[in-house]
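For the protein sequence lines, the chains are W and X, in the order given. Just so you know, the first sequence maps onto residues 1 to 106 in the working numbering. Just so you know, the second sequence maps onto residues 1001 to 1173 in the working numbering.
Note that these hints are calculated values from the structure, not bench results. Don't take each hint at face value.
[To be verified] Restricting the straight-line Cα-Cα distance to at most 30 Å, the calculated cross-link-like pairs of lysine-lysine (BS3-like) are:
{"hint": "1", "chain 1": "W", "residue 1": "Lys72", "chain 2": "X", "residue 2": "Lys1016"}
{"hint": "2", "chain 1": "X", "residue 1": "Lys1016", "chain 2": "W", "residue 2": "Lys74"}
{"hint": "3", "chain 1": "X", "residue 1": "Lys1016", "chain 2": "W", "residue 2": "Lys105"}
{"hint": "4", "chain 1": "W", "residue 1": "Lys106", "chain 2": "X", "residue 2": "Lys1124"}
{"hint": "5", "chain 1": "X", "residue 1": "Lys1016", "chain 2": "X", "residue 2": "Lys1124"}
{"hint": "6", "chain 1": "W", "residue 1": "Lys85", "chain 2": "X", "residue 2": "Lys1093"}
{"hint": "7", "chain 1": "W", "residue 1": "Lys85", "chain 2": "X", "residue 2": "Lys1055"}
{"hint": "8", "chain 1": "W", "residue 1": "Lys85", "chain 2": "X", "residue 2": "Lys1016"}
{"hint": "9", "chain 1": "X", "residue 1": "Lys1089", "chain 2": "W", "residue 2": "Lys105"}
{"hint": "10", "chain 1": "W", "residue 1": "Lys102", "chain 2": "X", "residue 2": "Lys1037"}
{"hint": "11", "chain 1": "X", "residue 1": "Lys1084", "chain 2": "X", "residue 2": "Lys1016"}
{"hint": "12", "chain 1": "W", "residue 1": "Lys106", "chain 2": "X", "residue 2": "Lys1048"}
{"hint": "13", "chain 1": "X", "residue 1": "Lys1093", "chain 2": "X", "residue 2": "Lys1082"}
{"hint": "14", "chain 1": "X", "residue 1": "Lys1082", "chain 2": "W", "residue 2": "Lys106"}
{"hint": "15", "chain 1": "W", "residue 1": "Lys105", "chain 2": "X", "residue 2": "Lys1037"}
{"hint": "16", "chain 1": "W", "residue 1": "Lys102", "chain 2": "X", "residue 2": "Lys1016"}
{"hint": "17", "chain 1": "W", "residue 1": "Lys105", "chain 2": "X", "residue 2": "Lys1093"}
{"hint": "18", "chain 1": "X", "residue 1": "Lys1084", "chain 2": "W", "residue 2": "Lys85"}
{"hint": "19", "chain 1": "X", "residue 1": "Lys1122", "chain 2": "W", "residue 2": "Lys106"}
{"hint": "20", "chain 1": "X", "residue 1": "Lys1037", "chain 2": "W", "residue 2": "Lys85"}
{"hint": "21", "chain 1": "X", "residue 1": "Lys1089", "chain 2": "W", "residue 2": "Lys85"}
{"hint": "22", "chain 1": "X", "residue 1": "Lys1124", "chain 2": "W", "residue 2": "Lys85"}
{"hint": "23", "chain 1": "W", "residue 1": "Lys105", "chain 2": "X", "residue 2": "Lys1048"}
{"hint": "24", "chain 1": "W", "residue 1": "Lys74", "chain 2": "X", "residue 2": "Lys1089"}
{"hint": "25", "chain 1": "W", "residue 1": "Lys85", "chain 2": "X", "residue 2": "Lys1122"}
{"hint": "26", "chain 1": "X", "residue 1": "Lys1055", "chain 2": "W", "residue 2": "Lys74"}
{"hint": "27", "chain 1": "X", "residue 1": "Lys1122", "chain 2": "W", "residue 2": "Lys102"}
{"hint": "28", "chain 1": "X", "residue 1": "Lys1122", "chain 2": "W", "residue 2": "Lys105"}
{"hint": "29", "chain 1": "W", "residue 1": "Lys102", "chain 2": "X", "residue 2": "Lys1093"}
{"hint": "30", "chain 1": "W", "residue 1": "Lys102", "chain 2": "X", "residue 2": "Lys1055"}
{"hint": "31", "chain 1": "X", "residue 1": "Lys1048", "chain 2": "W", "residue 2": "Lys85"}
{"hint": "32", "chain 1": "X", "residue 1": "Lys1089", "chain 2": "W", "residue 2": "Lys106"}
{"hint": "33", "chain 1": "X", "residue 1": "Lys1048", "chain 2": "W", "residue 2": "Lys102"}
{"hint": "34", "chain 1": "W", "residue 1": "Lys105", "chain 2": "X", "residue 2": "Lys1124"}
{"hint": "35", "chain 1": "W", "residue 1": "Lys102", "chain 2": "X", "residue 2": "Lys1124"}
{"hint": "36", "chain 1": "W", "residue 1": "Lys44", "chain 2": "X", "residue 2": "Lys1122"}
[What the hints assert, rightly or not] One-sided excerpt, in silico: chain W residues whose CB lies under 7 Å from chain X:
{"hint": "37", "residue": "Phe35"}
{"hint": "38", "residue": "Ile64"}
{"hint": "39", "residue": "Phe65"}
{"hint": "40", "residue": "Leu80"}
Nothing here was measured: the structure is a model prediction, and the numbers come from that model. The beta carbon of each residue, even a glycine, is placed where N, CA and C say it ideally should be.
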Amino acid sequence: MRRDIFQAIADPTRRAIIALIALQAMTPNALAEHFDTSRQAVSKHLRILTECELVTQEQKGREIFYTLEIEKMKEIDKWLEQYRKIWETRFSQLDELLTTLKDAKK
Amino acid sequence: MNNDLLFDFIVDKPTKTVTINREFAAELPLVWDAYTKQELLDQWWAPKPLESRTKAMDFSVGGRRFYAMVMLDGTERWSVQKYKSITPKSNFKFFNAFADENENLELPGSDWDLNFSEENGKTKVSISIYNESLERLEKMIEMGFKEGYTMQMNNLDDLLAKLSQAQKEERKK
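Only chain W is shown next, with the shape it has when bound in the complex:
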């Protein structure tokens, strides 16, 4: 199943997982300690994040560590670009309004 980054960060638990592993690679057990949900639920979220290619697994001894793919996170910057565009539109509307108001004053 194809997944995208929007699905990855649509869920608050997954956003929290991202925030945690952004600081350091973590095992599912270490992650689960931060949440009230079951270890299974955390594993499910990790699976989705993996499918979204937002995290990668790394075997270290007997444990699996999850690492954040920073490059993939950059897709979020495209969102920010959208947000910037909204402000651009908003401001050009304000430019027009100010022109109208100035003309009305004359």
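Fit chain X to the given chain W structure using the hints.
Just chain X now, with coordinates in the frame of chain W:
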């Protein structure tokens, strides 16, 4: 858009702050009014084709603006801005949060700080938006994404209308 007017848009993820600087070709009192008067705000706050509808506004410390962004399909997305401090024609700060139609806040929200200054007949507005959580910043962006999407859809409608018109003319020949 006036390209000779300053426009900065800076996102600082570590400090969870978005900073926006913009110049306007108008004197400060006029720009101040556009930001602080309900009937003027509603004319520019929502990027078209969205509509800004202010239900209640009391621009005073402790007062608030309760407004909706209305989507093309009529869906309303409510927000509340609570004014925390006002220095007339210079600065105002508010706490912003999404809300339901009964004004119940969806926390966390964001803290806004707006500074106004005038030089050579141009007014500069500096807006700094601090988000308590990264999650909230993402939600805001997600909203923006949806709005952007709506705008694109509207453009598509225009395009389709033009295409069908062109087709009709083609048939007449």
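Tell me, which hint numbers fail for this structure?
-> 3, 14, 16, 24, 26, 36, 37, 38, 39
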